[in-house]
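Trainee: Letter by letter, the chains look like this.
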Amino acid sequence: DVKVTQSSRYLVKRTGEKVFLECVQDMDHENMFWYRQDPGLGLRLIYFSYDVKMKEKGDIPEGYSVSREKKERFSLILESASTNQTSMYLCASRYGGPTEAFFGQGTRLTVV
Amino acid sequence: DAKTTQPTSMDCAEGRAANLPCNHSTISGNEYVYWYRQIHSQGPQYIIHGLKNNETNEMASLIITEDRKSSTLILPHATLRDTAVYYCIVGLNNQAGTALIFGKGTTLSVSS
Numbered sequence: 001d002v003k004v005t006q007s008s009r010y011l012v013k014r015t016g017e018k019v020f021l022e023c024v025q026d027m028d029h030e031n032m033f034w035y036r037q038d039p040g041l042g043l044r045l046i047y048f049s050y051d052v053k054m055k056e057k058g059d060i061p062e063g064y065s066v067s068r069e070k071k072e073r074f075s076l077i078l079e080s081a082s083t084n085q086t087s088m089y090l091c092a093s094r095y096g097g098p099t100e101a102f103f104g105q106g107t108r109l110t111v112v
Numbered sequence: 001d002a003k004t005t006q007p008t009s010m011d012c013a014e015g016r017a018a019n020l021p022c023n024h025s026t027i028s029g030n031e032y033v034y035w036y037r038q039i040h041s042q043g044p045q046y047i048i049h050g051l052k053n054n055e056t057n058e059m060a061s062l063i064i065t066e067d068r069k070s071s072t073l074i075l076p077h078a079t080l081r082d083t084a085v086y087y088c089i090v091g092l093n094n095q096a097g098t099a100l101i102f103g104k105g106t107t108l109s110v111s112s
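Here the protein sequences come in this chain order: A and B.
Per this note's numbering, numbering through the first sequence is continuous, rising by one, with the last residue being 112.
Per this note's numbering, numbering through the second sequence is continuous, rising by one, with the last residue being 112.
To be clear, the hints were calculated from the coordinates, so they are not data collected in a lab.
Nothing here was measured: the structure is a model prediction, and the numbers come from that model.
Just so it is clear, CB atoms sit at the ideal spot from N, CA and C, and this is done for glycine as well.
Don't take each hint at face value.
[As the list claims (entries may be wrong)] Quick list of in silico lysine to aspartate or glutamate cross-link-like pairs, EDC-like style, CA-CA up to 16 Å:
1) Lys104/B x Asp38/A
2) Lys3/A x Asp28/A
3) Lys3/B x Asp59/A
[Claimed, not checked] Derived coverage of chain A by chain B (criterion: at least 3 residues anywhere in the stretch with Cβ under 8 Å from a Cβ of chain B; other residues may be distant):
4) 40-46
5) 73-81
6) 93-103
[As the list claims (entries may be wrong)] Simulated restraints on C-beta separations:
7) Ile60/A x Ser28/B: 36 to 46 Å
8) Leu51/B x Thr15/A: 42 to 52 Å
9) Tyr95/A x Met10/B: 28 to 38 Å
10) Asp38/A x Met59/B: 22 to 32 Å
11) Glu72/A x Ile39/B: 22 to 32 Å
With the hints as extra help, turn the sequences into a complete structure.
Mentor: As structure tokens, this is what we get:
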């Protein structure tokens, strides 16, 4: 089975901290994605990557950055966490082309 | 913004077919239609996708109109476990990276 693993299920951080959310996939997928999900707003794309060291901004990249140094790992970085970044963060991966995406279980981040 | 329009919510009786509509009137010729669903507290799960022909798998059937401006996801015999938010998405077949942009989806409630 394909696995997309997010490093933490729940995370609590303080305002101003630098936060790393890690995502690892085991299927050699080219594409990886970071979404956030908030009540009433659905899933919104933050960043995606279609190859190692390649990245593209999604709909809401402000306040976030990403890193993809190895094909299997895609990191989301909150440079200085703020309370409005409290959310559920979901990572996904897929091969290029019209294929299914696999999602991790999500990280519920609370910034206090 | 998402390029699809779906009803906010639908109800279905257990054992009956659930027909979930999606409007994608601005779809381009090389864009696929994808369906995902999200059960509470879990990451989204792929259901099915298609380009212009109708598709069927073990989970559902996808009916795409001839002009490709709308589609219907059919769950032939809905069960209580099919209660979820269903997302209809259009996306390119693009090796360089296909970002799946989610809308707010349809909340399907299956009751006994």
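Trainee: Hint by hint, note whether the structure agrees.
Mentor: Each hint tested on the structure:
| no. | hint | in the structure |
| --- | --- | --- |
| 1 | Lys104/B x Asp38/A | 11 Å, holds |
| 2 | Lys3/A x Asp28/A | 11 Å, holds |
| 3 | Lys3/B x Asp59/A | 13 Å, holds |
| 4 | 40-46 | holds (count 6) |
| 5 | 73-81 | violated (count 0) |
| 6 | 93-103 | holds (count 8) |
| 7 | Ile60/A x Ser28/B: 36 to 46 Å | 24 Å, violated |
| 8 | Leu51/B x Thr15/A: 42 to 52 Å | 46 Å, holds |
| 9 | Tyr95/A x Met10/B: 28 to 38 Å | 32 Å, holds |
| 10 | Asp38/A x Met59/B: 22 to 32 Å | 27 Å, holds |
| 11 | Glu72/A x Ile39/B: 22 to 32 Å | 26 Å, holds |
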